[in-house]
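In order, the protein sequence lines correspond to chains A and B.
Position 203, counted from 1, in the first sequence is what this note's numbering calls 203; the numbers after and before it change by one each time, with no gaps.
Remember, this note's numbering sits 1000 above the position in the second sequence when you count from 1.
Hints were generated in silico from the structure; no laboratory data involved.
Keep in mind that a hint or two might mislead.
Sample of chain B residues at the chain A side, in silico, Cβ under 8 Å [claimed, not checked]:
no.	residue
1	H1053
2	R1072
3	V1073
4	A1076
5	R1165
6	P1258
7	L1260
8	T1329
Idealized CB from N, CA, C, for every residue including glycine.
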Amino acid sequence: MTLAAEVDVVVIGGGATGAGVLRDLSMRGLRATLVERGDFASGTSGRYHGLLHSGARYVESDPVSARHCMEENAVLRRIAPGTIEPTGGYFVATPDDPDDYLERFAAACAAAGIEAEPIPLEALFRAEPLLNREIRAAYRVPDAALEPWELVDATLASAREHGAEAHRYRPVVGFERGADGAITAVHTRDARTGETGTIACRAVISAAGAWAGQVAELAGARLKMSPGKGSMLILNRRLTSSVVNRLAPPGDGDILVPVHTVCILGTTDITIDDPDDARVTPDEVDALLADGERLVPGLSGARILRAYSGSRPLYDAAEIEEAAHHEESREISRAHHVIDHRARDGVGGLWSIVGGKLTTYRLMARDVVDAVAAALGNEAPCRTGDEVLPAPAGSSPYWLGDRLAAVEAEGGGDADLVCECELVTRRRLAAALDERADSSLDDLRRTTRLGMGPCQGAFCIPRAAAMLDERRADGRLDPAAPDPNPALRSFAAERFRGTRPIAWGDQLTELWLGAGIMRGTMAADALPDAVVRNDAAG
Amino acid sequence: MPFPMRSFETMPRADVVVIGAGLAGLACAAELAESGARVFLAAKGMATTHWTHGGLDVAAPAGSLTPRVGVRVLAAEAGHPYARVHAEVDGAVEAHRARLGRVGHLLVGSLDSPHTPIPTALGSLRPASILPSAQAAAAAPWADDGLLLIGFAGFRDAWPAYAARNLGAVEWPGGPRRISHAEVVLPGLERLKNLNARSLAVLFDDGAWRAEALGAIRRAVPPGAWRIGLPAVLGIADHARAHADVEEATGHRAFEIPSLPPSVPGVRLFDALRRTILDSGGRVQVGFDVVDVERNGQRIVAVHTEAAARTLRLAADAFVLATGGIGGTGIRGNPDGSLHERVFGLPVEAPPRAAWFSDDPLTPHPLESVGIRVDAELHPLDPAGQVAYENVRVIGSALAGMHYLEQRCGDGVALASAHRAARSLATERLAA
């Protein structure tokens, strides 16, 4: 895809926030291009627990954030219903949770206007029979499950409808600055072909989240981020049908979110230096399971498919105070913050948006675009809360039953499945490749859930690699797309990274069987580095 | 030890109960049955035969030219199962070959056949020396014949175009000069997509359907001299005939390429060995999970297995543990980083959980070599190095000390340890 030569605003970062910023800019009539160093939603947005916050989680510790969540929860239900499964949520008090929190929670919810309805325990256990029978109290709140990849996709699709561009695998490699120090252009590189390109612009919005410090540094500005690693576990089925939170101040292993066919237990919080440090340690796994046991006894005996972590875009507290000295606004929200680097670092034309929650991505976008639009003399109002996003391509959110019905309709009872665990058909993969001909196997996973089931790719990886190869031979793949063999290797490595922290019991056996296939029967370790481009056939 | 008060049926007492129906358990039960012992083989489920390529990997550590050399190299590794049973390999392989030959399942190649690169379904090469006849042509020297890879429309587990391109890119000393590929539409399968290897193989057993399919395959072969690689689906019960028919119909040599499970070559191997056991008067029961063990000091008295709706008590003089390693679920990993052996609770040493794996999934992992430590007669040892149960033998992938994927030695260790265990038990029986 060719890069625009000149736009009003360049957006850096293709997570939910960047996508939201791009959409907001384009809806206000500003010309904008987004560049993302990896795949869209492959950073923090794609590595989160899948919870659409009601706000109740933060009602006590961070009322501003709670209010944002509450308001945006309602907005997203209106504009992105296809990406939300309205599971509802419970806050439950286990015997280990403090009594006083229970009282404070109810009062705080009432004060904040968050619906928190006390639920009789009998009704709770009827609805969620696996929950700990020693739970003492429960409240029903409007939590929900939110599909991040679909949300980002739909947001980008809307931005494109309004004339914006978005490019993935396009890291920023430098900035051009004018005589006054203000940014006049952004240099990018195609991560796959190495080609460089320059986009002239009037402003840059860094929505790089946990990586915003690195972007600021590249531009000659300062921004100290303090990324928080949050690790989560994926259990192989839905242990509950609603979100379940512990009635305690936010901590490890305090939330269980049913997502599609699985459920996610989250979340640790460990301050890290490098936002790319995504290793999940055995200690984190043990801590999550021990705490998860308090919600669902026996939970640690359930089959765990993967462990993964994301980097929260937290910023250094001292940064906020410093920013406050330079700005009009006295209301410093810990939830998210807009930083104008002209005032602070003498780098004009650069704004960073940091902090925040996926739930509040639209609000974050609005706030930073308000600032940038004003600076550019654009007075159009924000309309992102009014217009409904395009519906996602697949049936989402889905249960396997939904997908099974679609698969049966497609194949007359015998559709061509590439991934049996997640019921991904050849046609679905082909459509995803038609749409984005530069996809790697991992990109296809985010679009289709390929390889996300119990076997973690042992069966579908070679099938999908062969499919990539076939399309490449036919000239239907983008030349920038990775070769099928490195794609196969890196996908196997990526799946393995998430399995090894929780590899015991059945999942360990599954890993062994997968290794037997890939190394024993297939000798995938002996594949050539790249497939020959020209068909050897005579 | 006390065991739960519940009703169970007691089976007629056996001389030996073999637990596990992989290559090791099957071969051991067959040999014991042939020697006149009353053998009962009980297995939790289908074993890893159904997952693997069906060839006979004896030993192919890096740098070894033949399996015989490979065995010698591995036998020199302290703690490797071959250090205990290398002397059995010759006899075990020949007994296995003869046993399979009696039921029409032929093996080609010997311990002195050089490791020859043969194509995998992905189009990489793996070393092989001893192969079932249906796969053997892959290892024959290449002359003027080109390699033609054939796939079947709608069969998702063969990728002839991808494999052909990879084989064109890979270093293949002595390989074919031409590589081509073709896709064949098999009769009546136009609308069937979710075919697995086994369901296709069942079709190939049907003579009338096969004749029609062979016509379609023949038409897909371009003029010239070819050797044809096909998915490993050419029949189960009638596989020898199906393979011969393909060669006759096309006028070219043909070989099967195993792919994703279920493994048809593995199914054939299982069926063949099972038959030899039954033919010699042994019993084979799959779906019999061991749920309880009766012990008396250092002896196992009986095991209780649970099948559909009843518990069976299997008493015997001796027990052979052939339940496999982690892949076969004979050994289970625990969240705390410990490992346990599932049936008798034998001790398994494990590295700490953080050290179980290397970073690249396609390389050997420290955890792969875990297993049960044994003495020269394959008795399991306790942590102090003493025999844990004097009437138990441990064979196959449950044994500690090997990297069977890297060393490609799992089948050879299975046969050699099975042979040692069977001979040792037969000697004891004669003495008794």
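Violations among the numbered hints: 2, 3, 4
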